[in-house]
Amino acid sequence: MATTPSLGIPPLAGLATYEEAARVGLSVDENVDRMRRCNYVERRLYEISAAFLNPTPEWEVKTALSLHLWLDAEHGKALRERVAELRRPPLYLDAVPNPKLEALMEEALRAQGTLELLAGVFRVIRPALLRAYQQHLAETNPIFDHPTCRLLRIAIGEEEQMIGWGEQALATLATDPEGQEVCRRWEAHLQAYVQAAGGVSGREDVPSGLTLPAPRAAAPFVPSFDPQRDWRSGDIYNFCYRANDVYNDPEADLDERNLALMFKRFHEMDVPEMMASIILQTPGKPWEYYRDMARQVWDECRHALMGEVWFWKQGVDTSRYPNHVGWCMHLNLDRTALERHIILYAIEQGLMDGKVGKRFEWKIAQESGDPFATFLQDYDWADEVLHAQYGRRWLKPDAGDVKTILEKAREIANRPAPAIDARTRPENQTDWWPQMVRDVLGKESTAGTGMASRFIPTLISGSG
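Note that the numbering used here has the sequence shown beginning at 1, numbered continuously upward.
It cannot be assumed that every hint is accurate.
What the hints assert, rightly or not - Straight-line distance between alpha carbons at most 20 Å, and here's what the computed SDA-like set of lysine to any residue pairs gives:
no., residue 1, residue 2
1, Lys100, Pro220
2, Lys403, Arg392
3, Lys285, Thr336
4, Lys396, Val385
5, Lys77, Asp33
6, Lys443, Gly369
7, Lys403, Val356
8, Lys77, Trp287
9, Lys77, Val96
Stated by the list, open to error - Derived DEER-like restraints, expressed as beta-carbon distance ranges:
no., residue 1, residue 2, range
10, Glu427, Asp317, 22 to 30 Å
11, Ser208, Asn98, 14 to 22 Å
12, Gln314, Pro397, 40 to 48 Å
13, Val28, Gly234, 53 to 61 Å
14, Arg438, Met352, 33 to 41 Å
15, Met352, Ala214, 52 to 60 Å
16, Gly179, Pro250, 47 to 55 Å
Just so you know, the hints here were simulated from the structure itself, not pulled from any lab data. Note that beta-carbon positions come from the ideal geometry of N, C-alpha and C, so glycine has one too.
Required output: the full structure, derived from the provided sequences and hints.
Here is the structure:
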């Protein structure tokens with residue numbers, strides 16, 4: 001059969017051979033059906049990450065959950081946009097696509113402890129999702145359906161990275177026979193539900209005579225918003241925290257003020273912990289809301305990682321100093337989701353003030369002569385500008401204009417904080433800052449003395 005002569009340049013924009021492109025792939029309806037199921041799993045994985053951010057104590061797992069929350073939000077956004085391009089309204093994706101798939105994700109949400117969480121997500125759910133993506137990519141047409149192929153390749157690469165991290169985490173945590181048995185049992189439990197659903201794609205063989213184990217999801221899921229940390233955060237109820245005072249103290253040496261800023265960054269894990277509760281208690285928003293919230297969760301986690309890297313670079317053991325959870329615990333347990341979001345926005349908006357906000361922090365780092373801290377603060381500053389925009393966008397319909405929101409924030413901040421009062425043990429409210437200065441800077445503190453910040457005032461949180 002004669003064909004058009006070739007110049008030897010790769011044809012079809014380099015995406016496929018003629019043989020690969022000249023085959024019937026998935027129809028539009030088949031394509032949409034598969035993306036609908038994958039989107040549902042991505043949405044429920046997003047929920048799982050948010051649900052376990054507070055009760056999971058291990059720092060590294062919290063950071064991964066923050067990242068994976070955002071990646072799942074991005075995958076969901078891409079899937080929703082592609083489905084809308086294929087003659088389906090976006091709201092079509094909000095319904096449960098299959099009751100057996102729903103049963104699987106409800107079970108996954110009932111993981112008990114870090115080992116079950118990791119085993120279920122990274123050895124069962126994400127591998128099943130990865131198989132669905134890989135099968136989809138193999139069966140759809142690489143030219144006719146290239147926009148779908150592109151998003152699938154991105155999702156496949158990121159799912160592989162997440163699964164790889166999860167396997168490494170489990171290899172570290174599940175080292176004894178008891179822990180390995182916990183993982184094995186939970187994996188087997190969830191695998192049965194995966195098989196019953198025909199995999200995430202719905203096209204995998206269902207074993208004959210399959211019997212499902214008794215479900216854990218017998219009652220509605222109730223997440224815990226009481227933040228937990230492992231031993232490396234020290235006494236998380238020692239609310240003496242002077243970093244805010246010190247970096248603002250004009251009488252303190254610049255290197256000490258810079259040290260305070262770096263601890264403020266390290267302390268920012270409390271923002272993802274607080275924002276996770278907002279996400280879970282704010283249903284019915286457009287997916288763009290959940291995507292923006294997830295991006296901010298990951299950004300705030302990255303700020304904590306920036307501080308972590310700075311201390312690593314200095315050779316500092318941060319487990320010697322309390323990294324308390326007072327701010328997020330107080331908001332999670334004492335305020336509504338909308339009130340938490342209002343407080344968060346008030347903080348972000350305050351950071352836009354060049355005299356006391358992020359520009360001021362960047363200038364302190366620069367004047368201290370620390371190029372790495374200056375670099376760090378530069379990106380932190382850029383992120384916070386974006387976060388203030390998110391707050392304005394999503395709070396205006398529910399809380400009013402900026403002036404009204406800030407007035408509400410002041411009223412919310414001035415209410416009692418019973419969760420803090422209940423956890424405060426006077427004998428444990430010790431001022432550890434002078435010792436940290438000696439350890440890190442090798443000198444005595446030059447900052448004002450005292451314990452002015454027994455607890456971070458809500459509107460000027462150390463988280464930001």
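Inset, instruction - Would you pick out the hints that fail for this structure and give their numbers low to high? - result: none
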